[in-house]
Each structure stands twice: as structure tokens, then as C-alpha cells.
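Peer 1: Starting from the structure of chain R, add chain Z where the hints point.
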Amino acid sequence: MPGGAGRVTALPMISLLLHSALAASPPPQIPFEKYELSNGLQVILAPDNSVPFVWVNLWYYVGSKDEVVGRTGFAHLYEHMMFQGSANMDDDYFQPLQRVGGQINGTTNLDRTNFFEGVPSEYLPMALFLESDRMGWLLPAMTQEKLDNQKLVVRNERRQRYENRPYGNAWVYLLENMYPEGHPYHTATIGKHADIDAASLEDVQAFFKKWYLPNNASLVIAGDFDPAVAKAQVEQWFAAVPAGPEPELTAAAPVALAAEKVVRYEENVPFPKVWLAWHTPAVLSREDAALDVLSSVLTNGRDAILYQKLVYELQIAQDVSAYQASAKLGSMFIIEATATPGHTTEELVAAIDAVLADLRTKGTSKADITTALTAYEVQFFESIGSIQGKANLLNNYNWLTGDPDYLAEDLARYRSVKKGYLDKVLRTWLPTDKRVVMHINPKAAQ
Amino acid sequence: MKRALFLLSLLVLPAVAAERAMPGPLAPSSFLVPAATEGRLSNGLEVRLVENHERPLVWVTLAFRAGAFADPPGKEGLGTASMELMDDAAGPYDGIALSKALKVLGTQLGSSAGTDGSGLSMQSLRRNLDASLGIMSTVLTQPRFTEEDWKVQQVQMIADVQARRSDPASIADRVLLRVVHGDSYQGRLQTEASLSSLDTAQLKAWHQEHLSPAQSLLLVGGDTTLAEIQPLLEKHFGGWKNEAKALDFPVAPPPPTQTKIYLVDKPMAAQSVIQIGRYVGKPTDADYRPFVVANNAVGGMFTSRVNLNLREAKGYTYGARSSVGFNLAGSLWTASAPVATDVTVPALQEFLKELNGVTGAGVLKAEETENARNYLRNSFPLRFENPDYLLGQLTQIWRYSLPQDWISRYYEEMGKIQADHAQAAWAGRMEAAPLNIVVVGDAAIVAEGLAGLGIPMVKLDVDARPIAE
Numbered sequence: 001m002p003g004g005a006g007r008v009t010a011l012p013m014i015s016l017l018l019h020s021a022l023a024a025s026p027p028p029q030i031p032f033e034k035y036e037l038s039n040g041l042q043v044i045l046a047p048d049n050s051v052p053f054v055w056v057n058l059w060y061y062v063g064s065k066d067e068v069v070g071r072t073g074f075a076h077l078y079e080h081m082m083f084q085g086s087a088n089m090d091d092d093y094f095q096p097l098q099r100v101g102g103q104i105n106g107t108t109n110l111d112r113t114n115f116f117e118g119v120p121s122e123y124l125p126m127a128l129f130l131e132s133d134r135m136g137w138l139l140p141a142m143t144q145e146k147l148d149n150q151k152l153v154v155r156n157e158r159r160q161r162y163e164n165r166p167y168g169n170a171w172v173y174l175l176e177n178m179y180p181e182g183h184p185y186h187t188a189t190i191g192k193h194a195d196i197d198a199a200s201l202e203d204v205q206a207f208f209k210k211w212y213l214p215n216n217a218s219l220v221i222a223g224d225f226d227p228a229v230a231k232a233q234v235e236q237w238f239a240a241v242p243a244g245p246e247p248e249l250t251a252a253a254p255v256a257l258a259a260e261k262v263v264r265y266e267e268n269v270p271f272p273k274v275w276l277a278w279h280t281p282a283v284l285s286r287e288d289a290a291l292d293v294l295s296s297v298l299t300n301g302r303d304a305i306l307y308q309k310l311v312y313e314l315q316i317a318q319d320v321s322a323y324q325a326s327a328k329l330g331s332m333f334i335i336e337a338t339a340t341p342g343h344t345t346e347e348l349v350a351a352i353d354a355v356l357a358d359l360r361t362k363g364t365s366k367a368d369i370t371t372a373l374t375a376y377e378v379q380f381f382e383s384i385g386s387i388q389g390k391a392n393l394l395n396n397y398n399w400l401t402g403d404p405d406y407l408a409e410d411l412a413r414y415r416s417v418k419k420g421y422l423d424k425v426l427r428t429w430l431p432t433d434k435r436v437v438m439h440i441n442p443k444a445a446q
Numbered sequence: 001m002k003r004a005l006f007l008l009s010l011l012v013l014p015a016v017a018a019e020r021a022m023p024g025p026l027a028p029s030s031f032l033v034p035a036a037t038e039g040r041l042s043n044g045l046e047v048r049l050v051e052n053h054e055r056p057l058v059w060v061t062l063a064f065r066a067g068a069f070a071d072p073p074g075k076e077g078l079g080t081a082s083m084e085l086m087d088d089a090a091g092p093y094d095g096i097a098l099s100k101a102l103k104v105l106g107t108q109l110g111s112s113a114g115t116d117g118s119g120l121s122m123q124s125l126r127r128n129l130d131a132s133l134g135i136m137s138t139v140l141t142q143p144r145f146t147e148e149d150w151k152v153q154q155v156q157m158i159a160d161v162q163a164r165r166s167d168p169a170s171i172a173d174r175v176l177l178r179v180v181h182g183d184s185y186q187g188r189l190q191t192e193a194s195l196s197s198l199d200t201a202q203l204k205a206w207h208q209e210h211l212s213p214a215q216s217l218l219l220v221g222g223d224t225t226l227a228e229i230q231p232l233l234e235k236h237f238g239g240w241k242n243e244a245k246a247l248d249f250p251v252a253p254p255p256p257t258q259t260k261i262y263l264v265d266k267p268m269a270a271q272s273v274i275q276i277g278r279y280v281g282k283p284t285d286a287d288y289r290p291f292v293v294a295n296n297a298v299g300g301m302f303t304s305r306v307n308l309n310l311r312e313a314k315g316y317t318y319g320a321r322s323s324v325g326f327n328l329a330g331s332l333w334t335a336s337a338p339v340a341t342d343v344t345v346p347a348l349q350e351f352l353k354e355l356n357g358v359t360g361a362g363v364l365k366a367e368e369t370e371n372a373r374n375y376l377r378n379s380f381p382l383r384f385e386n387p388d389y390l391l392g393q394l395t396q397i398w399r400y401s402l403p404q405d406w407i408s409r410y411y412e413e414m415g416k417i418q419a420d421h422a423q424a425a426w427a428g429r430m431e432a433a434p435l436n437i438v439v440v441g442d443a444a445i446v447a448e449g450l451a452g453l454g455i456p457m458v459k460l461d462v463d464a465r466p467i468a469e
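Residue numbers (the numbering used here), protein chains in the order written: chain R, 1 to 446; chain Z, 1 to 469.
With the rest of the complex left out, here is chain R (with noise of 0.2 Å):
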């Protein structure tokens, strides 16, 4: 939604890649000096002077999957009230910035929440005001009344992105019948409206007390500024938000499905689509590489495997993508095909099944890893092309290892996916009995 605050992002992050014929492009380096506060808080500075703006880029280590019971889409809920105002900016935090001329929005995911400012260099001394303000003062200003109009907000949001839209619904499906009941990933981050509607202002307080602390979080600040002056700001503005107790992660075991498991939808769709979803393991393993590498080998261009198969030489669809849905708990490999008018899913699972039991026999081919990786040579130069790309970058590596500096060990990993440890990982990650396969059929005409 154009200038829609705190978006669910639907998918949690797709992992950010390099790979293999790097010799011809050096991989590129993206200047920082990472720093503590006492409170706990990290801060990562990367000076791009490209143009005359700044970013600050805040990630908070909550998401959907750290909701008490009974209270779904309370993570993205709770990053909609961060911008009602604050203790000593009681307005609308969009007010301020825009009139600077300032982006602002927010993303929550299954695993993490993250806000972002982009503004002209000078209003850097406003952005970490107002991030500061809402991380340590956010409490005095909340009211029953921002609250109520917001869960209306998000309850249009869910109508809107996920129910009024052609298979918008799939990924709510998919993740209930993926993770059972009381599993931190079975719910979808947008919740449930009888949740979303029970959200009290106790539940607030009690997010930001566990949460949103300084000890639970990491700043970015990437563009065009001065870094001594910002570390001045940074000290300014966030040294007196207090630490609080650190939090204890949510965790959950590897979830391990029986057997197959079929099930099946009728929605306001145009045409049969079909899902088939395995487990596999999470963001940044040497499998997630590998499967993010097999994804491109099936579907990645006309010339792919499983799309060659079923868009040109079979006609029954008119699209199939695979990918891997990285995340931190544990990562899904996914494969989604629409039928073509008068095919149905039956026919594209037996197809895809038939391509993945030739491929498990004969293995992958050396040429199709090779133009893979070098397709996420390309995909990372892609993903750091702004500053804000950049800002992201330095806070996912942070967030999941520690060290914002990845991207060498990053790119190993790409590297070190050869045709027999793909063949390894098709045949371990991808067996054809322990998966769901949902379909989604058109309603019948009423």
C-alpha cells in the first residue's frame, strides 16, 4: 500500500546471495564500524555520500512468532501503534518527517520487526529523536482510542492484502497446515480478527516492556552523514533509554511432517493452483543455500527443468516458481504451479512429481548450478542497490550472526554447493511423503 505504514511482509526474508564465478567480480564491501551502547544497544555505521540522505534503519528482535496465545498479529498491530506518537512527539510520526520531505515505514515478519526513516542528510538529528523517543517514551502517549482505530487499520489490512485478493489467503493456509497448533510460525503475522479485535492496552505495555528494549535491538544508520556527529546523536538521543531484562527467544523444535498431507480450499480464484511445501532447514545453513540453488535449477527461466516441463512441453500451467522461504526457526522449500484453463491440479502435482523423481535419479547438471550461481552473483549486486538495500543488509547479517561483515562467509556457502551435495540435499530435503500439497479451487458458481 503506497504510504501505508507498518506493511506485513508476507514472506519471511529470502536469504541475500552470492555464489561461485566471483573471480571476474570482486564481490562488493560495504564500509561500517559497528559500536555498543551501555544499554545494550548496537549501532552500525556505513557512510555512503551518494546522495544527500540518510537512513536509519532499526531492527527489533520480535516478530509473529514470540505472540502469547490468543493474541495472533499482535507483533504487526504493536508496529502500527509506533507511529501514534511518543511521550515528546505526540503526533502522528508520519507528520514531522513527511513535511521534511522523509520516508518512514515499518515491516514486521515472522521472526523480526524493523523501521526505517530515509531523510535529507540534515534531519539526521530528527530521525534518531523520534526512533529513540518511541523506543524509551512510546508508553506515556498510547490511548485507548489510537489503539481501537488501529486495529480497524489493520483489520482492513487483512481484508485488503490477504481476503479480497485472488489466492491472497495461500500463505495463511499454508503455515497453519505446515506448523501445528502452538508452533511460533503456525499463524500467519497478520493474525486473526478476533485476536487483532481483543488487543488491550496491558498487551501493549507488556510487548514493549519484553521487546522493544535497546538491549533487544540494532540501529543502522547508512548514507550521507558525518560519522562523528552521528555518534554524537546516537549518544544524544538513545544512551538514556534504559535496558530491561533480556528476553528469552522463542524456540521451537525442527517440526518433522509423518506423511503426505493433502488439503483443499474453494476461494474466489480464477483458476486451480497448487502449493507443495517441505520442511528444510533455516536461514544462513549450507542446506538453505543448496535449496535456494535448486529452486533456480527447476524454475528459473524457460530453459529451467520443471518450468520447461510444464508452461512449454505439457501446457497444463501457465506459471510454476519455486523457492526457498528462509527463516529463523526453520525454512519451507516451496513449489507453486496455476493450471492452464481446463487442467487441473492433480495433473501439475503428477508432473512435478514426475520431474522430481528424474531429477533424484539422474541428478542435476553442472551447467544449470553454474548459471545459477551466477544469477545470484547478479541478484546480490541487485540487493544492495540503495542505501536503504544496504541498511538492510548490514542489520540481517547482525541480527542472525552477530557480525554485520557476512558476505565473505555468505558467499562461501553459495560456493561450496556442488552437483553432488545438491543431489544429496534434493534427495534428503524433498521426499515426496512427508510434504503438503494444497490446492486451491475456484469456487463453484453460485
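No lab work stands behind these hints: they were computed from the structure. Certain hints may be false.
Simulated DEER-style distance windows between Cβ atoms [what the hints assert, rightly or not]:
| id | chain 1 | residue 1 | chain 2 | residue 2 | range |
| --- | --- | --- | --- | --- | --- |
| 1 | R | PRO227 | Z | LYS151 | 58 to 64 Å |
| 2 | R | SER38 | Z | VAL104 | 52 to 58 Å |
| 3 | Z | THR191 | R | PRO227 | 55 to 61 Å |
| 4 | Z | ALA131 | R | THR432 | 37 to 43 Å |
| 5 | R | LYS261 | Z | GLU192 | 35 to 41 Å |
| 6 | Z | PRO267 | R | ALA251 | 42 to 48 Å |
| 7 | R | SER38 | Z | GLN404 | 52 to 58 Å |
| 8 | Z | ALA424 | R | ALA408 | 57 to 63 Å |
Quantities reported herein were computed from a predicted structural model and do not represent experimental measurements. Glycine is no exception: its CB is placed at the ideal position from the N, C-alpha and C atoms.
Peer 2: The following block gives chain Z in isolation, referenced to the frame of chain R:
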């Protein structure tokens, strides 16, 4: 003791509070709008280049004047189909070979058409630029347009038309285009019948009739220089020759004579999608930019009147906004909000109250106008992070015959706009102006209330055809 402590805290607290107030700005940085380099190939093809050496990537786009507006009646989708099929197979490459050749280089290439124009675009690693341009040139000059590829493409395009009919937001887009344009220009939507009538001979003919050096602009951005790339461009595109057919450009449709609600029934819809629109002059009007500022205050930004009311005060929607842009026929203004079904009628009332209020009791205030102007003006430098924005603007200057200083004067012109300019620009276009209003939602719930608003209402189907009562 107690008293002393109390005093101490009184002394300390106000001091902290005083520190925690909105700080002022630092000294501003300067910004100069970057300029493009201009070149020309021996066949007359004009070149524009914007350098950026941060990453080893180069982008090359060939923009063409012809677009879907040139489709003959009954052949809606012809230009789109021709451009979509063009990059499937070319010269020595069949579909699979072309895809493999590009992937080996790490190159992305694609062609497509919109209503007002079309283009062939490529992203290459700097080290593979020569080879990538070679493939791009092959796609431009030797597309195969095979029967096999068209069969797949045609099925996908027809499916796409069908998919749009089941998505409330797409239905609202399509129906608004129909009610604004009727049977002209953007009102001529692709249909199963028009797409079924196309064949590869027609697609090939469209390509030959419409793509020529004289009707194209070659845009380059990224990690190269004109001195470096000009010889490569000459090698791959300098020999391209073709004469294109003259184009008939569209004109603005007649304005609506009265405000009407066009209701499309979507049983069980989770929301009602409201879309409003009309033409409001041309981008070359002297007060176009003041109008852009006025619109920004009314509905363009998050903190606009419309969004603060419908979202932040009432909670009717996740976002309400209005926008103004331009196309070959003129400047099109639209406004939209997806709203909860049960508040469809009050949401539309509030929407119209905000739009009409500007020329009534709610004239644009100085501070509000300044905020709306500064939001646009001060965020302008951010757009130049990458070459794509400036190249896009140069394409618009070329495609829409805008003044050459359209971008270089932006900063200065925006800086001068005051509330009275914005107010006059809004009033001149919107005061008592009849509007086309489309609502896509559950008619069983919303029809009666909408009919009670005193605005004439017409019921349409998802293809904007009137439904007999």
C-alpha cells in the same frame, strides 16, 4: 531529607524533558540534479547515458513510441502480444537456447508494451556487456515469432484477462478506465475475442511496422561511459534500419457531464473498492505543478486530508489516496480506497467531503501546502540514487513532448509554489467537476445505501457492461 530529594528530582526531570524535544536540522548538504550524456548512432538513433559506477552492472533500454494505443479496433492486445513474444526466440536461438545463453552471461532481457509505448530492456554484468548487447540486437532485429511460442503466450494472455475479472482491485481499475474513456484509448480493454483473433503474421507485421530507429530512444545507465559504450552500441545497433508507420496519437475523452456511481457487484467481497477519476488538463499546463502540490495535500501523501480522515481518524481503510499523472491523452487524476463493506457509504461520503471541501470551507492552508510541497521537493534527491529515475524522466520528456528543462527546473519551480497557487490550480480543475465513481463490492449490502446518496447510480458487470434491472 525527603524534601531535598523531592527538590532534586524536580531539578533533574525538567532538565531531561527539555533535552528530549525535537532537534533542529544540521547544515544542509548541496544537491545538483545530475545531467545525462547525449550521443547518436550513425543510423540516427539517439542515445542518453547516466553513469553510476557503484556496482559492475549496466542497464540498456530501447524505448519505442508505439504502444497498445496503436492497436486497431478489435485487435486489442496486438502490440502487447508482439512485444511479449519478441524476446522468446530470435536468430539462431530457440526459446531454450536463448534463455541458456542469457543465463551463462548473468544477463536479464525482456520486452513488453504498455498503453503509451513499448520497450526492450537488458541488465548485464559490465564484463559481459558486448555479448549481452549482441543478444539484445539479435532479439531486436531477428525475432522468430514461432507458432509454438505464440500458442503458449496466447493462452497466458487470455488467462490473464480472466484473472483480472476475479480480482476486485483489477475490476475497479478496468471499469474506471472504461467509464472514463468509453471506446477510445485506455477504454479499449483486451478481451478473449480480440486475443483469439491474433496470429503470428499479425504480430510480426506489428513489429515491422512500428519499431524503427527514428521512433526509438536508446537509454544506458550504470558502470560505463559514453566513450566506452558508444562503439559497442554502434556495432550492435548502428546497422539497424527500418521505416515505421505514422502513428495516430489519442486525445483526451470528453469529460463526464455529471457525477455518477458505477456499481459492480462482487458477492461476498471482504471490502468495497472505491475508485474515482477524471482528466484534469495537461502536464504542460502552466499550473500543473501547483496542482500536483494541491493533490499531495489532499490525497497524495500519508499525511494528506483524505488518508488522515479515512484511515487515521475513522479506520475505514488501510489507505486512501489520490494521485495525478499523465499519459498521451492528458493528465489523469484518480483517487482510491478499499474500505470495509459495512462502512462503504460513510467512507464514500467522507471521501467526497474532503475532495469537495477544498473549494468550500476547507481551502488549502499555508503550512499544509508548504508541507505537501516540501515532501515532494526535498525527497527529490533520493530519486537519483540510481540511473533509472533520470533515464525514466528523459524517456517521458521524449515520449510526451515535455519541455527539455522539465527535470532541471523541478526544484526551482516547486520551491515557489504557495498556497494560493495550489488552491487556484485545484479549484480550476476540481470545483464542481463531475466525477466518475466506481465501487466494486457486495451489492446486496451496499447498493441501497449508495442509491440513497442522491448521486445517479448505474450497475455494471465486471467488464463495465450495463446490467438491465
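Peer 1: Against which earlier hints does the structure fall short, listed by number upward?
Peer 2: Checked against the structure, no hint fails, so every one of them is satisfied.
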